[in-house]
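Hey, can you work out the whole structure from these sequences and the hints?
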Amino acid sequence: MRRPKVLVGIGLVIAITLTACSTGERVDLGNESSHNLIAAIAGEPDQLDPHKTSAYFSFEVLENVYDTLVEPDENLEMRPALAESWEVSGDQLTWTFHVRQGVTFHDGSPFSADDVVYSYKRIIDQKLSNADRFRAVTDVTAPDKSTVKITVAQPTPNLLSNIGGFKGMAIVQRKNVESGEIATHPIGTGPFAFRSAKSGDSITLAANKNYWGGPPLISGVTFRFIPEASTALSALQAGEIDWTDSIPTQRVEELKTDDSINLGVTPSNDYWYLALNEARKPWNDVRVRRAIAFGIDRHAIVQATSYGTATANQLAIPKGSPWYTEYHGYTLDIAKAKSLLHEAGVKDLTIDMTATSQYPETVTAAQIIADNLAALDITVKIRSMDFAAWLDGENAGNFDMLMMGWLGNIDPDDFYYAQQHTGGKSNAQKYSNPDVDGLLDAARAETNRDARAGLYARAATIVADEASYIYLYNPSVIQAWSKSLAGYQARPDRAIRFRTAALN
Amino acid sequence: MKTFFTSSIVRFLARRLLYSLVVLLGVLIVAFSLVHLVPGDPVRIALGTRYSPDAYQTLRAASGLDRPIVEQFLGYIGSALTGDLGVSFRNGDPVTLTLLDRLPATLSLAVVGIVIALLISVPAGIWAALREGRISDAVVRISSQFGVSIPDFWMGLLLIALFASTLGWLPTSGYQALSDNPAGWLRHVILPGLTVGLVAGAIMTRYIRSALLDVASMGYVRTARSKGLPPWVVTLRHIVRNALIPVLTITGIQLATILGGVIVVEVVFAWPGIGRLVYTAVAARDYPLIQGAVLLIAVLFLLVNLVVDVLYAVVDPRIRLS
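Line order of the protein sequences matches chains A and B. Those letters in the first sequence? Residues 1 to 504, per our numbering, in order. Those letters in the second sequence? Residues 505 to 826, per our numbering, in order.
Hints are computed from structural coordinates only; laboratory data are not their basis. Hints may be right or wrong, so weigh each one.
Derived list of chain B stretches under chain A, where covered just means 3 residues or more per stretch with a C-beta under 8 Å from a C-beta of chain A [to be verified]:
1) 603-617
2) 765-774
3) 782-795
Bear in mind that the values here come from a model prediction, so they are computed numbers and not experimental data. From the three backbone atoms N, C-alpha and C, an ideal C-beta is built for every residue, glycine too.
Take a look at the structure:
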């Protein structure tokens, strides 16, 4: 019987090799990046061209690589970034931006106003998905190396949030675009420069010592892709990573009392809603839509989808935002719902509801909604599918009801225009109300902030009263980081900024 | 005798190779048809929210979908044979390079997983078979039943909780290339390898045990025993040797399955293998990448089968003749 001895031998070798390595050691990624901050994100960016990607995973990385002309601070007010200052002409039709001097791209080449013009024209001329943000813009020019002039067709109070709201409006380098390298090796002006990528594993950034906002305090950032939230949390607790936003919501309560990590639970500007397809009967009847709105248990949905970390809201804009409007049009009221259905003369309804496994909250909520609406003798047939198929169904109008969320909203226009204006880009439910259209159009051009807020409050109230969207809740931004990470805070717009982070 | 041996094994191999090529051609046809069989316009679907008429035309032309179907098929076969599998719909990366990037991680996990499975199943299977009906046999049977029934994501999370979180011996997740850092590679591959290996090992243990029991009940084993041969000689020379064929078969099947991607294990351990790549590609309707991955997995399957066939011929001369 010699074989077993060989086996024991192999086992011993493995055991010795293992114990020879020190425990709890961090991933060694080569000398220069061994003191990097290690952040775990839940998936891999599809590509790194900020103008072309739509994936949040990409923007988690690109937030640290690129700059915009202006950018939102922690209260989402627009602040100087690559533009040091700006003025608006008396007629509100010309915006003049004075760009920062002495800024260089990561490859050392100088940044100037021409790069701003190039970047914006690229988005406009190639009709990239963010071109919509330049809708009111008639021209972008650089009269000299330090000035950018943007002319608009009508007063555009949200121009700053349109051009600076997120890194999809980043200032890119012409050479980087024309060589095609931008998709895999982006060159920006931001606090960190792209260094390397390992397919399916990680992306590494190195600190930009020449960053105009001052050099970062850490040597770089390594973004690791850890899809399973339990694994990411274990890695954080074991000290292998410093930061993650991949956190199982059911464990938030337990983590609040965990002194070994920092937990950030911040109300976000995202919102989730239900929409009924008004191109189909009987959902074109406002009474039927209102009946559904009275028939659902919003608090049960919040509890089940987020373990109570989200905040129920009957409008889109969250409490705490300067644009917040108080609204409580609906309560769970079965009698009221039944009488509305009776009034509309419909009974024994069946709803074809689409949900997608990409956003598990839609599947969870659909089950609760099905249960809620059974009390109204409404049968909800849930169709759960992958996101591509779900999107096809939405675009083709092949649904009775759907649940989805909108992310990354800053200006009130972001919350309402595309979704509620007749023929709006994201108006998949085919809602149309001339009063709402008029209010949204007027609000777009209203430069008095209070008057503007009033217009949005009126539009939003009508939208909710007519149940174009049945607003559900605002989720929280949930992130956790190690005790050794300082100078970081979770933001309501989910921008992940490590420029001021320090590792102790 | 020597020439006969050589020619028969060569003929056997040639036949097997030819058979593999036929299968490969079939796989090529299936992979090619994939794009044309799905309902809807694949380019339109792949672009999704990024759709614009310009982007549509560019992608359609770049993927060759605007050409006649016969030309497309011949072009596809031609490029595939030279290693060009097209570019990803999602980000324009060459599919071949993307797949090759992920191959080392997948091979690492498969090899380590199957080695662990063999280390567990061979001794356990033999032990249980030799002690059929006794307590040790029952212990092996019950624990292998556990191994087969525990979902692999649960097993993975348990291993992380024990070895990474509690004991702190091993990292929770991630991958390092063997060529960059052999020690780091080993530390990272053990837990996912163990997860794969425990599941595969449990299946193989049950297989090996019953294969041995089948052989042990044969007449020639009784004859060998009655000749007065020591028990270990009977076990090794007569029982184990003859039980090798089914063991090879199940090992080959398990290895090929792991190579095809163990998505759940890759997700739990953030392992950059082919399984997760395929999963994301399917979610994004990235047809060139799906086609390429299907092709690669099929080739790996065929290779494993070929090796198993060769080993059959080495282990059992009777097979060469049949």
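Here is how each hint holds up against the structure:
Requiring three or more residues with a Cβ within less than 8 Å of a Cβ of chain A, the coverage given for the stretch 603-617 of chain B holds, as 3 such residues are present. Figure legend: the stretch 765-774 of chain B, annotated as covered by chain A; annotation consistent (4 residues with Cβ-Cβ distances under 8 Å, at least 3 required). Counting residues of the stretch 782-795 of chain B whose CB lies closer than 8 Å to any CB of chain A gives 5, so the stated coverage by that chain holds, three being the minimum.
When each numbered hint is compared with the structure, no violation occurs for any of them.
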